[in-house]
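Chains as they are written, first to last, in my numbering: chain W, 1 to 247; chain Z, 1001 to 1075.
Simulated from the structure, these hints should not be mistaken for lab results.
Honestly, I wouldn't trust all of these hints.
Calculated lysine-lysine pairs in the DSSO-like style (CA-CA distance at most 27 Å, straight line) [claimed, not checked]:
hint, chain 1, residue 1, chain 2, residue 2
1, W, Lys215, Z, Lys1007
2, W, Lys179, Z, Lys1038
3, Z, Lys1008, Z, Lys1072
4, Z, Lys1072, Z, Lys1042
5, Z, Lys1072, W, Lys220
6, W, Lys15, Z, Lys1072
Here are the computed distance ranges between Cβ atoms for each label pair [claimed, not checked]:
hint, chain 1, residue 1, chain 2, residue 2, range
7, Z, Val1035, W, Asn227, 19 to 27 Å
8, Z, Met1048, W, Met145, 29 to 37 Å
9, W, Gln154, Z, Lys1007, 51 to 59 Å
The structure displayed is predicted, hence computed values, not measured ones.
Beta carbons are placed, not taken as given, at the ideal position from N, Cα and C, and that holds for glycine.
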Amino acid sequence: MVERLIPTALVEDNKFCPGCGHGIINRILAEVLDEMKLTDKAIGSMAVGCACLMVDTFGVDWIQSPHGRAAALATGIKRCRPENPVFTYQGDGDSMSIGFSETMYAAFRNENITAILVNNGIFGMTGGQMAPTSLPGQKTVTSPMGRNTDLTGQPLNIINQMKDLNIGYLARGSVTSIKNINRVKKYIRNAFETQMSGGGYSMVEILSPCPTNWKMMPDKSLEHIDNTVTTYYPLGEYVKKGGDSNE
Amino acid sequence: MSKKDSKKSVLTLHPERCKGCRYCIPTCPKDAISVSEKINQKGYKPVMVDMETCIGCGSCYTICPDYVFEIKEVQ
Ligand SMILES: Cc1ncc(C[n+]2csc(CCOP(=O)(O)OP(=O)(O)O)c2C)c(N)n1
Ligand code: SF4
Ligand SMILES: [Mg+2]
């Protein structure tokens, strides 16, 4: 049996709501950094959103980016510090709404950075507004009758936007079960291994519950991801080129 | 028995970190986790573990968003 000790980057209790997926994802990320011996060298490009609650609790070097610009900031950090592992940690609103352009162009340029994109289908921190990732019919404070896709388009599938680009690694996981959590951990590890071997852009999108703004109990939130959210956002590895991204 | 085999996985609980999401309860294969009646400093009723039933498998560690569980190896 293996020891399961709190990884070193988790320096304080997190500040997320009860049942929030960010807490699980923070721990997986911290475990991967420890196992790859990267915790002391990692530099995070911090998003705006509930991700920014990590500034006091997740013990790596951070730079706070303006809303949506984490991939552009990470690009600058990586180009100045090519030896350091550089990652973004962003919500869906940050990375796929206000920062869609920066997110896409970092992938388009095949920047050698890792993007961790936490998709909870909503603007969590600001109180539950509709995001481009919200599901058809989803009730939010700005779509009280449910998301109308005739007016607002279909849910934004970022992996479909990226999967034909020349990038190193692309995967989508969820945190709804032990099996899925272990898979996401493998994906995050693959992403950092891609970066550390110079393999180009790596991104892991993670479907994550926001029980507070979904107005759902935590257990129902996990069921909702398994039964409904994954039908719009299928799980799996989409691009896996290892260190060979420029062929 | 080899030295390695004589090690045991033992759970350490940090109930002060628990926010009461209850993800761990259905995840435990031994049904060793239940809810305490006491309220912790954060204002939630934390989980508690029946140490006699717990096998130290670490499922609770994996699902917990709040780092309430650790599994340590002891001789
Ligand atoms: C330029 C700018 N516009 C708007 C905001 C308000 N704002 C703060 S967090 C946020 C949404 C974050 O949502 P998401 O990225 O999905 O993260 P979550 O909280 O859901 O994890 C918004 C719109 C801001 N801080 N700055
Ligand atoms: S608002 Fe949602 S995303 Fe933010 S901490 Fe709470 S549950 Fe997590
Ligand atoms: Mg969000």
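Exercise. Holds or violated: W/Lys15 with Z/Lys1072, Cα cutoff 27 Å?
Worked result: 25 Å, holds
Problem set entry | Given hint W/Lys220 paired with Z/Lys1072 - CA-CA distance at most 27 Å | Roughly 31 Å separates the two Cα atoms, so the pair is violated.
For this session: Below or equal to 27 Å on CA atoms is what counts here, so check W/Lys179 against Z/Lys1038.
Result: 32 Å, violated
For this session: May I ask you to test the hint 29 to 37 Å on the CB atoms belonging to Z/Met1048 and W/Met145?
Result: Violated, since Z/Met1048 and W/Met145 (Cβ atoms, about 43 Å apart) do not stay within the stated range.
Exercise. How does the Cβ-Cβ distance of Z/Val1035 and W/Asn227 compare with 19 to 27 Å: does it lie in that range?
Worked result: 26 Å, holds
Problem set entry | Range hint 51 to 59 Å (beta carbons of W/Gln154 and Z/Lys1007) holds or violated | With a Cβ separation near 53 Å, W/Gln154 and Z/Lys1007 satisfy 51 to 59 Å, so the hint holds.
For this session: Could you grab the alpha-carbon distance between W/Lys215 and Z/Lys1007 and see if it respects the 27 Å cut-off?
Result: 44 Å, violated
Problem set entry | Agreement of Z/Lys1008 and Z/Lys1072 with the hint, judged by alpha carbon distance not exceeding 27 Å | 8 Å, holds
Exercise. Between Z/Lys1072 and Z/Lys1042, is the straight-line Cα distance small enough, at 27 Å or below?
Worked result: 25 Å, holds
When the structure is compared with the earlier hints, violations turn up for hints 1, 2, 5, 8 and for no others.
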